[in-house]
Every structure is written in structure tokens, then in C-alpha cells.
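Take these sequences, add in the hints, and give me the full structure.
Chains A and B supply the protein sequences, listed in that same order. Just so we're aligned, residue 1 is where the first sequence starts under this note's numbering, counting upward by one. Just so we're aligned, residue 232 is where the second sequence starts under this note's numbering, counting upward by one.
Where hints are given, some of them may not hold.
To be verified - Which bits of chain A does chain B cover? Going by a derived footprint, with three or more residues having C-beta under 8 Å, they are:
| id | segment |
| --- | --- |
| 1 | 19-27 |
| 2 | 58-71 |
| 3 | 85-92 |
| 4 | 102-116 |
| 5 | 160-167 |
To be verified - Simulated crosslink set (DSBU-like; lysine-lysine; CA at most 30 Å straight-line):
| id | chain 1 | residue 1 | chain 2 | residue 2 |
| --- | --- | --- | --- | --- |
| 6 | B | K378 | B | K347 |
| 7 | A | K28 | B | K375 |
| 8 | B | K460 | A | K116 |
| 9 | B | K347 | A | K229 |
| 10 | A | K229 | B | K259 |
| 11 | A | K144 | B | K259 |
| 12 | B | K375 | B | K363 |
| 13 | B | K383 | A | K226 |
The hints are simulated quantities; they were obtained by calculation from the structure and are not laboratory data. Even glycine gets a Cβ: it sits at the ideal position worked out from N, Cα and C.
Number of protein chains: 2
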Amino acid sequence: MFSPVKNKKIYEYVIEQIQKMILEGTLKEGDRLPAERELTDLLGVSRTSVREAIRALEVIGLVESRQGEGNFISSNVSNTLLEPLSVKFMLSKGNTQEILELRRLLELETASLAAKKATEKDIEELQVLINKLRTTDDENLCAKIDKEFHYKISEIAANSLIMNILLSVQYLMEASIIDAREMILKNPEQKDLLIKQHEDIYDSIKSHNPEEAQNAMREHLAFVNKTPKNS
Amino acid sequence: MFSPVKNKKIYEYVIEQIQKMILEGTLKEGDRLPAERELTDLLGVSRTSVREAIRALEVIGLVESRQGEGNFISSNVSNTLLEPLSVKFMLSKGNTQEILELRRLLELETASLAAKKATEKDIEELQVLINKLRTTDDENLCAKIDKEFHYKISEIAANSLIMNILLSVQYLMEASIIDAREMILKNPEQKDLLIKQHEDIYDSIKSHNPEEAQNAMREHLAFVNKTPKNS
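Dropping the structure here:
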């Protein structure tokens with residue numbers, strides 16, 4: 001449980017303690033945090049430090065502050081303002097190759113999981129996206145649908161950990177897709193090939209064939225990978 | 232660039248603006264943020280909101296506040312206090328199966344990347360861990376070495392995005408390894424098999440064979456997966 005502060009930045013300590021209680025299962029979704037005054041006493045820190053910590057947890061989407069009621073462990077934790085992974089990538093000057101490696105890692109497995117888990121409704125939704133990809137001319141819209149298709153597959157994979165990773169890296173995924181499409185479509189004849197690759201992924205998910213889904217995704221990403229990069 | 236506030240929580244807006252500038256490349260690692268007073272004017276918000284936003288970014292490890300010098304975009308972004316992924320997983324009551332799916336997703340690919348990229352020094356370090364695994368009797372220590380072995384492979388894979396994901400999920404990885412080992416070693420004869428599996432992974436990385444490395448990792452995780460779970 002709580003133990004009083006020694007060195008280190010004080011609000012950091014408060015956050016660590018709260019994180020620890022969540023990881024150990026003492027604090028659960030929807031639970032009310034002890035009142036600020038109580039936390040102040042329990043941890044032996046100032047009220048300001050407690051407030052700073054709680055506000056920070058609010059920003060990360062872990063805590064919800066309700067006017068007059070107090071602070072609660074958030075019940076919708078995937079709803080986050082920040083994309084830490086995208087931001088960190090930009091700051092550490094990561095290269096495009098890293099994004100493609102990450103896409104391979106995430107998407108070969110989500111394709112395979114999606115083929116195992118897809119319901120009739122999931123398949124219909126993928127079908128709608130494929131139809132849109134086939135009939136849409138506006139490239140900005142196409143890139144959006146393309147991204148939606150890939151995220152829909154991750155959603156079908158039905159793994160909250162994997163979905164959270166994808167949500168924390170949306171900006172990079174979108175940039176990667178827009179970029180790849182732009183380069184590929186410099187040769188307009190390749191548009192049919194690109195649609196065909198998405199159809200192959202769709203078909204193998206529809207027929208619940210995990211190996212084929214993974215192969216179709218692998219082929220698609222290999223094609224994207226061998227296209228010269230924009231930057 | 233900056234544009235003044237409408238609705239929404241004000242500190243959230245400030246954070247969004249700063250994130251946007253990072254993603255667009257306007258703010259870079261080590262850059263000094265505009266002074267609090269300046270941000271107040273630029274964004275048309277109160278000084279308190281600016282401070283709250285900056286403190287929150289500090290907590291997430293994106294901003295470093297230096298006494299008397301101001302606020303800077305952090306130069307060591309992988310150094311983060313929080314494990315958002317572990318925390319979100321615990322809060323959403325995820326199941327063990329999801330962790331094993333995530334491990335498959337992360338580790339099949341990192342094993343393969345590691346086999347491609349491993350240097351002589353990397354291989355030596357893995358060798359040291361294998362030797363320790365073979366000669367250590369204390370199970371608590373073994374579990375630690377086991378985890379180190381898996382994280383060393385991700386490090387060798389040399390992809391900052393993937394490494395950041397692994398860092399944000401350390402608590403779950405450790406728990407998964409401790410748990411799996413405990414169940415596997417209920418039959419003490421399986422200890423040799425477990426060591427053998429790690430040796431196979433090591434051997435294939437040493438011989439720079441990505442397919443074999445992936446297969447060895449797949450076999451290891453399949454073995455872990457078929458062991459009855461603790462909870």
C-alpha cells in the first residue's frame with residue numbers, strides 16, 4: 001500500500017504509488033481515488049503535489065475528475081489525448097524503415113488473428129471498405145479508407161493491448177499509408193494491384209484462413225516496402 | 232502553428248498544440264519551449280492552464296523542466312515513469328491470452344530482426360545470459376535472467392518503436408514470464424527443455440538465421456501457451 005516519500009520529485013512519487021496500486025489490482029476501473037486531503041496525509045506530501053499528480057494522470061487518460069464528486073479511475077482508458085509512441089518516434093528522429101518493421105510486426109499477426117476471430121458483421125464491414133476502395137477516385141479519401149481497412153483488421157483481432165498500441169501510433173500509420181500510396185501511385189497502373197492486395201487480405205479473412213491472411217498481408221507490406229520512399 | 236482556444240478543457244488544448252508541433256517537426260528534441268508567459272499570450276489561455284499542461288507533459292517524459300532555464304523538449308524520451316500499456320491492460324481486465332498474443336506479435340518479429348542485426352557483442356551478451364540460465368538454481372533469479380534474455384533480443388532488433396512498446400509493457404511481460412515458469416517448473420524435468428528452447432533461440436540468432444530464430448521463438452511461446460495458466 002502507500003508508503004511515505006523519501007527523495008525524488010514528489011508528484012512523481014504520488015503517480016508511482018497510484019500506478020502501483022492499479023498494477024497490483026488494489027485500484028480498479030471506476031474506483032474513486034482517496035480524497036486529495038487523505039492522499040496528502042497518507043503519502044506525507046503537499047496538497048499541491050497531489051494535485052499535480054492527479055492532473056497529470058487525467059491528461060494521460062487514467063483518471064477522470066468529476067466536479068464535486070472527486071477523482072475516479074477512468075472507465076474508458078483507451079480514450080487518450082496523446083499518442084506517446086508517435087511523439088517519441090518523431091523526437092528520436094526514427095526512420096521510415098522502423099515504421100515498416102513495426103507495421104510488419106503488428107499487421108502480420110493482426111491479419112492472422114482477424115482471420116480466426118472475424119464475425120459475419122466484421123466481414124461485411126471489411127467488404128464495404130473494399131468496395132469503397134474500388135469505387136473511390138479521390139486519392140485523399142482512398143488513403144483514409146485504406147487506413148480504416150487496416151485499423152478495422154486490428155479491431156477484428158480483438159486484443160485490447162494490440163489495439164492500444166495501434167491507437168498510440170495512429171499518426172505514424174496514417175503518414176506511412178499516405179506516403180506509400182503517393183509513391184506507388186506515381187505509376188497509375190499500380191492502383192489495380194494495390195486494390196487487389198487489399199482484396200486478397202479481405203478474402204483470406206473472409207474464409208477464416210490465418211496463414212493466407214498473414215501471407216496476403218506480408219505480400220502487401222513487402223510491396224509497400226520495396227517502393228522507393230518519399231523522404 | 233498556434234491558434235486560440237474555443238471549447239474543451241483548456242490544458243488539453245495546450246497539450247494538443249504542443250503535440251501537434253512535435254508531430255509536424257516544428258518542435259524538436261532539446262528545443263526550448265516558449266516561456267510560460269509567451270504561451271499564455273499565444274494561446275489565449277491562463278498561466279495556470281499552461282503550467283498544468285507542461286507539468287503533465289513532464290510526467291509523460293516529453294518535457295524537462297530545468298530550474299531557472301525554462302522548459303525543454305526532453306532528450307531522453309524512452310525514460311518514462313509510467314507504463315501506460317500495462318496500466319490500461321490491468322484496468323480493462325484483459326486476460327492472459329491477450330498477453331500471449333502480444334508476446335507472439337512482438338517476439339516472433341524481434342527474434343527475426345535480431346538474427347539479421349546481431350553484432351558480435353550482442354551475441355556474447357546473449358551467451359552470458361544463456362550460461363547464467365544454465366547454471367542458476369534460484370528460481371527468482373532465473374525468471375529475471377529469462378526476462379533479460381527476451382528484452383536483450385528486442386534491444387538487438389534495434390527498432391526504437393518496438394523497444395518503446397516493450398518498455399511500456401514491462402510489468403505484464405515480467406508477470407507473464409514468472410507465471411509461465413512457475414507452471415512449467417511444477418514438473419522439474421521441464422527445466423532442461425526450457426533452457427534448450429532458449430538455447431535454440433540463441434543459436435539461430437548467433438548463426439544469423441531469421442527464419443530459424445522466428446521458429447525457435449514460436450516453438451518456445453507455443454510451449455508457454457499450452458501450459459495451464461495460473462489464474
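Results for each hint:
no.	hint	in the structure
1	19-27	holds (count 4)
2	58-71	holds (count 4)
3	85-92	holds (count 8)
4	102-116	holds (count 8)
5	160-167	holds (count 5)
6	B:K378 / B:K347	holds (21 Å)
7	A:K28 / B:K375	holds (28 Å)
8	B:K460 / A:K116	holds (22 Å)
9	B:K347 / A:K229	holds (22 Å)
10	A:K229 / B:K259	holds (22 Å)
11	A:K144 / B:K259	holds (27 Å)
12	B:K375 / B:K363	holds (11 Å)
13	B:K383 / A:K226	holds (29 Å)
Consistency with the previously given hints is maintained throughout, with no hint failing.
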